[in-house]
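Sequence order for the protein chains is A and B. Residue numbers are given in the working numbering: position 28 of the first sequence equals residue 28, and the series is strictly consecutive. Residue numbers are given in the working numbering: position 481 of the second sequence equals residue 481, and the series is strictly consecutive.
Since the hints were derived computationally from the structure, they do not count as laboratory data. One should not assume that every hint holds.
[Said to hold, decoys possible] So the derived label-pair ranges between C-beta atoms look like this: (1) GLU490/B / GLY35/A: 18 to 24 Å; (2) GLU490/B / ARG95/A: 28 to 34 Å; (3) HIS482/B / GLY108/A: 49 to 55 Å; (4) GLU44/A / ARG356/B: 34 to 40 Å; (5) SER194/B / ARG95/A: 54 to 60 Å; (6) VAL376/B / GLY35/A: 34 to 40 Å.
Ideal placement from N, C-alpha and C gives every residue a C-beta, glycine not left out.
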Amino acid sequence: MTKIEAIIQTSRFEAVKDALKESGIEGMTVTDVRGHGRQKGHTEVYRGREYSMDLLPKTKLELVVPDRLAETVIEAILKSARTGKIGDGKIFISRVDEAIRIRNAERGEDAL
Amino acid sequence: MRKRQAAAVFLMLVLAGAGPLAAQAPAPQSASPAAAAPAGAAHGAAASDGDLASLRSKVAQLEQQTADAHSAGDNAWMLACAALVLMMTGPGLALFYGGLVRKKNVLATMMQSFALMAVITVVWAVVGYSLCFHSGNPFIGGTGYTLLHGVTSAPDPDYAATIPQQTFMVYQLMFAIITPALITGSIAERARFSALMLFMVLWSLIVYAPMAHMVWGKGGLLNASLGGKFPTLDFAGGTVVHISSGVSALMAALYFGKRVGYPKQPMPPHSVVLSFIGACLLWVGWFGFNAGSALAASGLATSAFVATHFAAASATIGWAGAEWIRNGKPSVLGAISGAVAGLVAITPASGFVGPRAALAIGLAAGVGCYLMVATVKAKFGYDDSLDAFGVHGAGGTIGAVLTGVFARSSVNPVFHDNAGKVLPVGLLDGNAGQVWNQCIGVAIAWVLAIVGSLVILKICDLVIGVRVPEEDEVEGLDVTQHGEEGYNLEA
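Produce the entire structure from the sequences given, and follow the hints as far as they go.
What follows is the structure, given as structure tokens:
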């Protein structure tokens, strides 16, 4: 089983969600995060004092899928999340040792 | 069912209205036969004593009704103004300040304003009103109105002849509430609540009461309307409210010291949205503050209303415009801060200047206070957290001095010679000396605020300790002082 973690532009989230649904992928966890890679932040000014906002809001998706579906997911995300500008985000792939459904204690790929 | 109830209410209103109307109708039965006869036949008949007496009593009755109607209008207006001024503290100031602090301190900041609504009311009732407005000496009032004895529905003609003294008392109370609340802005995010309450009780007696008495109380040293030795024009509280609180705020900021992490650590406002709502409530409430200081629903109230609004408008443009030029963008926080600065500056001038002068005063305050806050503060390095001095201290001083420049007898003929002739009021009116008198009033306000607040701060620090411990400040005042969190949005 493969875990796919994608940090994407918040404005592209709806498009990514639709693309994954079309690919037949169900089940994901979404969090609002802040961060940056090479993208510069911006400056805000309050009553004459400047504050540099380095950490930018992004959206993180986490999916765990059977190994055979990993590439489908990656393709779907790459196509829908890309704008071509710095700040588009990154995808990280890792191995999952086990998955368990809480409702009925099913294990393995059946639990996904 | 509803229609019947409505009809019943309507019928009751008609009967209720008819009653007084019937009572007010003249009583021809007591008149002489001559008066009751048709008009054409009455020519030859002489007017009897009965005629004259009934006419006299009728005129007296009408005069009383006119006075009552006049008083009713004034009293209705003044009670509405009192409510508007209270609204300026809660929620106006509470929201304005609350939005400017970090999320972990929002409740503590709002609590400071709200607690004063309660505490100052009690102090006012016990002895505050008396010390401000009872006759005494040029510096402080007497204790004749302790526990509000003698403060009834009968007017006090020295202050306001057409409204109950109780109305005047409760209106002034709202000023006594908001003035100390303004101070909390300079020491935001680090004040111990209990020490702050002690400070406020002492401050309202030692600094506010003498200042209010000197400027507005009978026999006050600076009272322009009641023969003070150095008549200082202060219509609604430029010296009494803004300079006294703004300068005390500066003293407090210097005494407390900077917040942990200031100025390196970023501490942007957690909600400019809340501050925006607060500022709008302040603008609207200020009509009660300034126009209400006419103490009547009069042409002077209108004039003060207009001046207030115009100053807020030009000050908004001044501050936002200065920011736009300096930073490339006009900020919302700048615009609302500008409005407040203009309202502060017009406060002493509102009942003495015309609309064009109001625009000028507002613009001066908008730009002047922006420079105070954006450059002067950083240069000196003190942590006046929410710019209580930068806006109220500086804006109040600008406004109080400019009042001496722009005040006109055509707006408010406040000075008369012994023959009753109207004298010029301000510099542009022909009385250059008034600017000097304004400076005296301003200087006295500064000195009283500096000395009074430093003494009280020392006392409170010795008795309780004015600042919270560093760990509490870092964790946040909401949790450590009040055991609450402002937002439990995950719930």
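Hint-by-hint comparison with the structure:
In this structure the hint that GLU490/B and GLY35/A lie 18 to 24 Å apart at CB holds, the actual value being about 21 Å. In this structure the hint that GLU490/B and ARG95/A lie 28 to 34 Å apart at CB holds, the actual value being about 32 Å. For the pair HIS482/B and GLY108/A, the beta carbons lie near 51 Å from each other, so the given range of 49 to 55 Å is met. In this structure the hint that GLU44/A and ARG356/B lie 34 to 40 Å apart at CB holds, the actual value being about 37 Å.
For the pair SER194/B and ARG95/A, the beta carbons lie near 58 Å from each other, so the given range of 54 to 60 Å is met. For the hinted restraint 34 to 40 Å between VAL376/B and GLY35/A, the CB-CB distance of approximately 37 Å keeps it satisfied.
When held up to the earlier numbered hints, the structure conflicts with none and fits them all.
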